[in-house]
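Asker: Each chain, written out:
There are 2 protein chains.
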Amino acid sequence: MSDEQRGFTVWFTGLSGAGKSTIAEMLFHELKARDLKTEILDGDVVRQNLSKGLGFSKEDRDTNILRIGFVANLLTRNGVAAICCPISPYKETRDQCREMIGNFVEVYVHATLEELAEHRDPKGLYKKAMAGEIKNFTGVDDPYEVPEHPELIVDTMVESPEESLAKVLKRLAELGHIDDAEARIQGDRVHSGLTDLRLTETGHVAKEV
Amino acid sequence: MSDEQRGFTVWFTGLSGAGKSTIAEMLFHELKARDLKTEILDGDVVRQNLSKGLGFSKEDRDTNILRIGFVANLLTRNGVAAICCPISPYKETRDQCREMIGNFVEVYVHATLEELAEHRDPKGLYKKAMAGEIKNFTGVDDPYEVPEHPELIVDTMVESPEESLAKVLKRLAELGHIDDAEARIQGDRVHSGLTDLRLTETGHVAKEV
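Chains as they are written, first to last, in the working numbering: chain X, 1 to 209; chain E, 1 to 209.
Just to be clear, a hint being listed does not mean it is correct.
Because identical chains share one entry, a pair is satisfied inside a single copy or across any pair of copies.
Stated by the list, open to error - DMTMM-like cross-link-like pairs, simulated, lysine to aspartate or glutamate; straight-line CA separation at most 20 Å:
hint	residue 1	residue 2
1	K91	E145
2	K32	E148
3	K127	D142
4	K58	D95
5	K128	E115
6	K32	E4
7	K52	D62
8	K123	E145
If you are wondering where the hints come from, they were derived from the structure by calculation, not from laboratory data.
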């Protein structure tokens, strides 16, 4: 079994709208292009299949994150690259996932609240949260604990998605999870169906950020 | 990737105490002995990690089963043998899992209510359910829908666990999921930690049934 793929988890954490799903989706296709087995655990898919009924209290958020971590661990220890992109605001819970999984690559996806509220709020969620119409919104009236020692920080304030992806691939190569860091996919990508990214009319991933 | 393991799910269904976990645990070690990647999704592990907070209404049971099916599907499509052993009383929900997963081997583990209540009720659960002290107990005041076309029926009323296991291995070989059906493990087995089976003082699986 020594030639088999070694599993790992790439865990994107950051505020809603920071770009986690965008980079996750791009990474998914890069790993697929390398013939690696890979899965994304994100958004609607997780909410529908693992976490229906959970709310946004700290306890419910922790349950959701640990559930994603449990599944990511099952995949990782069976040789799959699991890509997770929940907000995961609490450091302690992220660290529990890290400890459980082992081959854990934490990527902090940074963007400021101001940027998100002013320029990346297509559904008006930040505005509603800031007006008090939505409660427990991470970054507004619910905490987000910035990772202290992530394997990588990407800053979508100043980087294009392609630049952030390049940094992720470079870090994964440094850590021995992939052989080469060169991006293989150019142009539009067909949607994995595993993230909440919007689609163009042709079924391709809409350009975000 | 053509030499890689093809994933499949073995889905044990039947009343509480019928022997699902016992046979699942034995199968786990047989698959491991064949160098196959395998996971068990059962009992406490599922309740703790996937389904905390769910009760025993039809809706909650269905949510639990579909959640197990979702995870089994992730494993199966990545080349893992997923062994699931929830009671899974409803035919429609089992069929949804079958449809989702594809490589689905349904094993009905049969034992009569009388046998379970009289001879396999160490915690007295059947007695309490029959006395009305526990509600929504499958087989007593909650339905169990017997599979109409399972891939296999094992009858723990008349078979030893070793005999039931032999039938499971034979069926998996017929279906092309394993190469040979001969049992490889003799005697006591170290507990996988993935089922609710009782342990002997030496950490080995207690003989059941």
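Asker: Does each hint hold? Answer for all of them.
Answerer: The hints, checked one at a time:
1. K91 with E145: within (6 Å within a copy, 45 Å between copies)
2. K32 with E148: Result: close neither inside a copy nor across copies, 30 Å intra and 39 Å inter.
3. K127 with D142: Within one copy, since 15 Å is at most 20 Å while 48 Å is not.
4. K58 with D95: within (15 Å within a copy, 35 Å between copies)
5. K128 with E115: Only inside one copy: K128 and E115 sit 15 Å apart there, 59 Å across copies, limit 20 Å.
6. K32 with E4: Result: close both inside a copy and across copies, 15 Å intra and 16 Å inter.
7. K52 with D62: both (14 Å within a copy, 12 Å between copies)
8. K123 with E145: neither (24 Å within a copy, 45 Å between copies)
In the structure shown, a violation is registered for the earlier hints numbered 2 and 8, in ascending order.
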